[in-house]
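Generate coordinates for the entire structure from the input sequences, incorporating the hints supplied.
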Amino acid sequence: MNREGKQTLELDWSDKHQAYGFDDHGGRYSNMCPDTRHHPSSGPVCNISSWTTFTRDNLSKASQEEQATNSLRWVMVLALCVGGYW
Numbered sequence: 001m002n003r004e005g006k007q008t009l010e011l012d013w014s015d016k017h018q019a020y021g022f023d024d025h026g027g028r029y030s031n032m033c034p035d036t037r038h039h040p041s042s043g044p045v046c047n048i049s050s051w052t053t054f055t056r057d058n059l060s061k062a063s064q065e066e067q068a069t070n071s072l073r074w075v076m077v078l079a080l081c082v083g084g085y086w
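Residue numbering for the sequence shown follows the UniProt record's numbering, beginning at 1 and increasing consecutively.
These aren't lab readings, by the way, just hints derived from the structure by calculation. What you were told as hints is all true, and nothing was included just to trick you.
The calculated lysine-lysine pairs, modelled on DSS-like cross-linking and capped at a C-alpha distance of 25 Å, are:
#	residue 1	residue 2
1	K61	K16
2	K6	K61
3	K6	K16
Here you go:
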């Protein structure tokens with residue numbers, strides 16, 4: 001489970017890093033730049049449906065992790081209270 005989470009985070013970070021690179025590189029251009037070319041075959045880099053599915057799954061996993069964290073937090077509070085440490 002930790003390995004899967006790590007892989008998901010690395011893929012997400014990699015996508016964000018790549019998107020930042022595109023934004024950083026593309027932000028230096030305008031339609032007035034002499035080397036800007038418009039290609040008829042150019043299209044979107046990402047598939048909207050796969051991005052939506054990935055985002056929905058990512059949010060679902062985050063919600064599950066948050067619930068698990070809250071449950072563990074309550075178990076720890078109860079253990080500390082019963083043990084007299086709280």
